[in-house]
Amino acid sequence: MPLVTADNLVKKYGELTAVDGVSFSIDEGQIFGFLGPNGAGKSTTISMLSTYLPPSSGDALIDGFSIIREEHRVKQIIGVVPQDIALYPTLTAMQNLRFYGRMYDMGGDELNDRCRELLELVELWDRRDSRIEQFSGGMKRRINMAAGLLHHPRFLLLDEPTVGVDPQSREHIFETIFKIRDSGTTILYTSHYMEEVELLCDYIAIMDKGKMVAGGTLKELLGMLGEGSVIELEISPPGCPAGLSRQIHQQNGVTGVNHQDNQLTISSKNSAHSLPPVLKVLEDSGCEVSHLEIYTPNLEKLFIHLTGKELRE
Amino acid sequence: MKQLRRLWDITRKDLLVISKDKGAWILLLITPLAVILVASLALGPAFNGQLKSQLLVTNLDSGVIGKQLVDGLGATEGLNVVEASADETMALKVGDTGYKTGLIIPTDFSSQILTGSDTDLTVYVDPNDNASRPFMVGMISGAASRLSGMVMSVRISVAEVLKFAPDTEPTTVAVDAAPAAVKEMAKEPPVAMEINNATGMQEVNMFDTQTPGYAVMFLLFGVMLGAEGLLEERDKGTLGRLIVAPVSRTSILGGKLAAQFVVAVIQMTILFSVGHFAFGMNLGNSLPGLSLMIGITAFTATAFGILLASVVKTRRQATSLGTMIIILSSGLGGSWWPLSIEPEFMQKLAHVTINAWALSGINALILDGKGFSDILPQAAGLLLYGIVCFAIGIRMFKFRNA
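From first to last, the protein sequence lines stand for chains A and B. When we follow the working numbering, the leftmost residue of the first sequence carries the number 9, and every step to the right adds one. When we follow the working numbering, the leftmost residue of the second sequence carries the number 8, and every step to the right adds one.
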């Protein structure tokens with residue numbers, strides 16, 4: 009049973025449509041990833057789910073509560089870790105956590121115990137009395153995450169939580185996310201780093217220009233590029249003989265061929281077996297190869313395949 | 008009840024944040040105290056009559072009347088006579104020291120007067136000295152008038168003497184009578200002024216006049232800082248984090264404004280207390296009245312802060328627009344000089360400013376010795392001003408960046 013169901017969410021700013029009819033569902037205990045370049049609509053979608061922004065149309069239910077009509081109930085269930093370091097720099101880590109805890113009616117020993125638990129989780133208990141302004145970028149990110157977890161949210165929204173952090177802090181953050189997932193919290197994770205969503209997410213939704221262009225498990229998504237490996241060739245002249253694709257498809261191990269202009273993308277179970285006969289076919293057809301690349305399918309290549317542009321553009 | 012507790016938690020957190028902000032305290036307290044001190048010490052002698060105007064005098068007359076005129080001017084309150092050569096007086100300069108006014112008494116001044124002829128005093132002025140020129144010319148003109156009156160009296164007396172002793176030489180009579188008449192008039196003028204204290208108040212010192220004006224001005228700078236802080240919270244995401252928590256927007260804004268109000272009251276109270284205990288500033292006859300004015304001024308300033316935060320898009324805009332409004336309203340509203348010296352249309356226009364409303368009440372208490380009930384109209388006007396700003400500000404404030 010899904011904990012979150014988004015139904016045709018739309019967010020418009022005047023003429024600009026930031027999110028254009030996005031629908032998805034997230035099962036309880038799942039880490040759901042939104043992958044897309046900056047400006048794809050990931051943060052706007054999170055903002056709508058967190059009740060920060062009202063949708064222009066559409067709705068989403070979180071544990072059965074509407075983000076539009078039952079905003080107050082939704083706020084009790086969700087925890088938000090914004091992309092910005094939303095902390096008070098002159099206050100200590102403990103003072104920040106206590107303040108945000110009180111916003112969820114926590115207090116006394118319950119709050120103190122929870123602050124300690126979370127500071128230990130993010131491995132900053134020893135620095136509890138240091139001011140946030142004295143922390144490194146990665147440490148700030150970890151406190152930023154802890155502040156979103158104080159009230160034991162069932163659904164945690166993490167908006168690019170690793171932006172600008174060093175590799176060591178990134179590892180810390182990943183470990184923390186796995187621990188949170190293991191405690192039963194459902195997570196929505198946005199990033200424009202494909203390695204992160206590949207590593208962390210059970211289900212990945214790819215967004216571009218406000219739309220969800222693909223969604224599935226990592227295996228399902230990579231399957232869209234075929235099995236095994238991919239051989240990509242740039243050939244000339246562009247107008248190669250008709251029936252070239254069919255001829256290549258018949259070669260050893262080839263499972264799929266896509267021919268557009270001078271670009272030839274071939275899926276193969278085993279590129280070492282498929283490549284020699286493919287090159288022979290091209291030579292016999294009078295085509296010259298100006299560029300050749302063999303790679304294992306990944307989300308970066310899938311994104312290019314789906315949108316025609318680089319993920320980090 | 009829960010929302011009220013959250014409002015209080017937000018207020019406490021903001022007070023904690025402000026208490027750790029050294030820059031804020033410099034603007035809220037150190038700067039106004041320094042400005043009040045400098046302004047009071049610099050302007051005090053001039054306003055309290057301790058600063059004497061300098062008059063260069065060249066007396067070419069060898070007679071008694073010229074000397075008496077110089078002595079008379081020298082005895083004038085607020086005037087310091089410096090004797091100089093004719094060249095120095097004409098140049099308004101003795102050595103490296105420049106002067107603003109000079110007077111030359113001609114060689115035959117006494118004899119001309121005694122023989123019944125008209126004579127001239129020559130006055131040299133700096134045309135750009137608008138501040139003291141009217142006073143100096145007035146002083147010299149007054150002394151000349153007194154001399155003229157004396158001469159007329161002597162002439163009438165001589166005419167009366169001649170009626171009974173027609174063979175007497177008129178000049179001899181005048182020469183004998185004039186010095187005694189001049190000395191007599193210098194000693195005790197026939198018409199004197201009696202100066203009385205109409206209000207029963209002590210004489211004001213410069214801290215009485217400077218402290219309220221600068222306190223209100225820096226109070227506005229303080230709330231401008233608060234407005235910038237609110238926008239900073241919006242920019243940095245801490246406001247957004249509160250919006251997605253189960254906290255009402257009323258509690259968020261209420262908590263932040265309550266903290267700003269508390270800081271404003273503390274700021275005004277400290278400035279007035281330091282003024283009173285350290286510099287002997289008069290607090291008037293009604294502490295409840297002063298407390299009321301401080302409270303309402305702090306509320307209205309806080310309301311101005313939220314209005315400022317609601318009409319600008321960025322912190323930089325808040326600083327630019329806020330500074331412009333505060334500087335203009337301080338000048339117009341009487342923070343830097345008494346509102347009463349402004350032209351009438353500006354005095355009316357001044358009531359578009361918080362400064363004018365606040366200072367009309369505070370000055371009525373401190374300078375005019377008015378009581379609690381006397382300042383209620385000013386307090387009500389200021390409160391209404393604050394309520395209007397508050398209502399517009401709350402309605403227009405955007406919790407999210409566009």
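Worth flagging that the hints you see were computed from the coordinates, not collected in a lab. Each hint should be verified, as a subset may be incorrect.
[What the hints assert, rightly or not] Within a straight-line C-alpha distance of at most 20 Å, the following computed DMTMM-like cross-link-like pairs (lysine to aspartate or glutamate) qualify:
#1 B:Lys29 x A:Glu141
#2 B:Lys74 x B:Asp115
#3 B:Lys320 x A:Asp92
#4 A:Lys227 x A:Asp35
#5 A:Lys317 x A:Asp210
#6 B:Lys405 x A:Glu242
#7 B:Lys243 x A:Asp92
For each hint, the structure was consulted:
The hinted pair formed by B:Lys29 and A:Glu141 meets the criterion: a straight-line CA distance of about 15 Å does not exceed 20 Å. A C-alpha spacing of about 12 Å is found between B:Lys74 and B:Asp115, which places the hinted pair at or below 20 Å, so the restraint holds. The suggested pairing of B:Lys320 with A:Asp92 holds, with an alpha-carbon distance near 19 Å, which does not exceed 20 Å. In summary, the hint linking A:Lys227 to A:Asp35 is supported, as the alpha carbons are separated by about 18 Å, within the 20 Å threshold.
Our distance criterion of 20 Å between C-alpha atoms is broken by A:Lys317 and A:Asp210, whose separation comes to about 25 Å. Between the alpha carbons of B:Lys405 and A:Glu242 the distance comes to roughly 53 Å, so the proposed pair goes past 20 Å and is violated. At most 20 Å may separate the alpha-carbon atoms for a hinted pair to count; B:Lys243 and A:Asp92 meet this at roughly 6 Å.
Checked against the numbered hints above, the structure breaks hints 5, 6 and satisfies the rest.
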